[in-house]
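Protein chains: 2
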Amino acid sequence: MPLTLAKHIEVALRQALPDRQQYFLHEPQFEGNEWKYVKSCIDDGWVSSAGAFVDRFEADLSRYTGVKHAVVCVNGTAALHIALKLVGVERGDEVLTPALTFVATANAISYCAAAPVFVDSSLDDFGVDALRLGDFLATETTPKDGVCINNTTGKVIKAIVPVHVFGHPCRMDELKTVCDKYHIAIVEDATEALGTSFLDKHIGGWGPASVLSFNGNKIITTGGGGAILTNDTALAERAKHITTTGKTPHRWAYHHDEIAYNYRMPNINAALGCAQLEALDGMIEHKRALADRYANAFSSVDGAQFVQEPADSRSNYWLNAIMLDADQAESRDEILKYLCDAGIHVRPVWELLSDLPMYQDCQAADLTQARSIAERIINIPSSADLGA
Amino acid sequence: MPLTLAKHIEVALRQALPDRQQYFLHEPQFEGNEWKYVKSCIDDGWVSSAGAFVDRFEADLSRYTGVKHAVVCVNGTAALHIALKLVGVERGDEVLTPALTFVATANAISYCAAAPVFVDSSLDDFGVDALRLGDFLATETTPKDGVCINNTTGKVIKAIVPVHVFGHPCRMDELKTVCDKYHIAIVEDATEALGTSFLDKHIGGWGPASVLSFNGNKIITTGGGGAILTNDTALAERAKHITTTGKTPHRWAYHHDEIAYNYRMPNINAALGCAQLEALDGMIEHKRALADRYANAFSSVDGAQFVQEPADSRSNYWLNAIMLDADQAESRDEILKYLCDAGIHVRPVWELLSDLPMYQDCQAADLTQARSIAERIINIPSSADLGA
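Chains as they are written, first to last, in this note's numbering: chain A, 1 to 388; chain B, 1 to 388.
The hints are simulated quantities; they were obtained by calculation from the structure and are not laboratory data. Among the clues, some could well be false.
Label-pair distances were calculated between CB atoms; the ranges are [claimed, not checked]:
(1) 251/A to 366/B: 30 to 38 Å
(2) 355/B to 240/A: 21 to 29 Å
(3) 181/B to 253/A: 33 to 41 Å
(4) 251/A to 88/B: 35 to 43 Å
(5) 66/B to 326/A: 52 to 60 Å
Just so you know, these numbers come straight off a predicted model, no measurement behind them. Note that CB positions come from ideal geometry on N, CA and C, so glycine has one too.
All chains, full assembly: derive it from the sequences and hints.
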């Protein structure tokens, strides 16, 4: 039985995909000015973190996303760490995060010596479920002096990190209403969602700070890289300061005024980013075309559905996914193995972070929906050139 | 009077340097396979952290340094953080470090939630003074159950981070004798010293782990980058694991077994590193030739001496320096200004870390020598091509 479904899935995938020997989950595409810009770094000798491409990439990202400032970092994890610090997350605080996300989200909270509190995910967009979040906060927390106190631990819940999973945006309007009511700062984890809009606006501007990633598997890549986005000029300045070892500007002196980080993106990586960003809209068109073909191909498959963008959004379709019907969940691993063996690289979504050894003692809301999603998702090949 | 000395210094500098409009402190040099290797990354689409140049750069570094394993990271700060974790530095521990070093040394200790304890520097090599370290440990600590207890704080002094300042090696044989006696693990901060040997052996193998940097101002650069060196295979495996988000290998599953880091070097940066390492011996020859010329030129300057490699060593002469006579120390800033205005980029050494606001409450040994060095050092132009 599972093999029958696996074969049906294979047929649908091959129907949507161009004819190839094998299919990878996600490969970067370098067909623009990548080499030209990188070569100019090497020729000029400016490969490190002070360089013209760093400034330009930040300006380009700001223009593209419509968020006033971008501060580029060595990777998305570093960007998350700093974004949490920017909104005031400190030792002993708590931060809400979905259990259904990449481990970096919770790790960044840990780097601040804060603790994650896991909340449930939406069956519509796989992001934080605003309704269930509201229920959790209503029963488990008490507002006090303008902060949100966790009844169980007595600690302050300082922030939330909603993740735009696979590039599909969370229901940010509803989340913002809930978070404002409970004085919880929003740090959007938009590491997967560059190019995605919600309610006709690029994501990343709903809270004081948000985060992008340009890792090798992301929609655009700088090798390794990330960015903090913020509309707040003071926060942007602070982000630059604490990602640059906290050095105070001086013609020659080496004075540093706080414990800070070496997190700035090198110029050679930013050069790659500038070229990739130029190509982003074209790649999104291809990814959306591929998603359309998947949607058609899977419309006739019983037992699995293609995951489409949620309402009120335009997704970058970074990573395509199908969701098995609930009664097929237990076949997931057999299906994964069958497809991988057939040369079609697929993967499940992440293990719930609340199940990992280092986070299993953290507080968690009821995670019924997140667990159901995690058991049923299969990510499928998504490189932009597959939709070209 | 200070201007007279400044002018004498300028004359000596110009005598040693080739004729140029202006002189920078340190510029990278890309005259080998940099283009070729970086382009091959872009052509193959492997720019991120899993890639052939990452493996090759690690193997090349290991071969070059004679240390069994190298694990490359996003930068030297990240490498230091992980090296300290490898030797067991944990929350509440203390770590000895010179006050005379770049701020990253102490920051990496802070990232482990440990505290730096500042020790004095040697007037011979600017590294940790082994004799004065021994005196400090004899009076301020008590050995107990195989660990070193700080009498003042009651905490365990777990490790020491000797820094090979400007590329000149510390007296590692004497330091090792002291550290072994007090059960203190050595993490060599060799961020400035790739290519330097002491007692006819490349530095980096004196303790369980050591650290390199390939920042843009270093002797070779990867844009941003660093490496952990270790002769211990288990530590090398652990270093790879915790710099790669603690992910356990699996064909598709995303299981992570501890709070870990996103610290691996991207392939595009490693490609640059492979080419730079090929050119390193040639650059060291040029830097040593420049140092010879400086030594000659400054032999006739009253009031300042050129800093030469210490006994039993062969230095990479990463960053050249002159040391003002004690009675000229107060002219330092005027001399810096005069030379910078003349188009010769110079700088003082770092402010003592024990004077920075975030570290001024940390315990410190008597730092008379470090303070004297810090007041008197001027770094002078050192790019390899100036000695070609």
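To see whether the hints hold, each was checked on the structure:
In this structure the hint that residue 251/A and residue 366/B lie 30 to 38 Å apart at CB holds, the actual value being about 31 Å. Against the hinted window of 21 to 29 Å, the Cβ-Cβ separation of residue 355/B and residue 240/A comes to about 24 Å, which satisfies the hint. For the pair residue 181/B and residue 253/A, the supplied restraint of 33 to 41 Å holds, since their beta-carbon distance comes to about 38 Å. Taking the beta carbon of each, residue 251/A and residue 88/B are about 41 Å apart, inside 35 to 43 Å as hinted.
Taken as a hint, the range 52 to 60 Å holds for the pair residue 66/B and residue 326/A, whose Cβ atoms sit roughly 58 Å apart.
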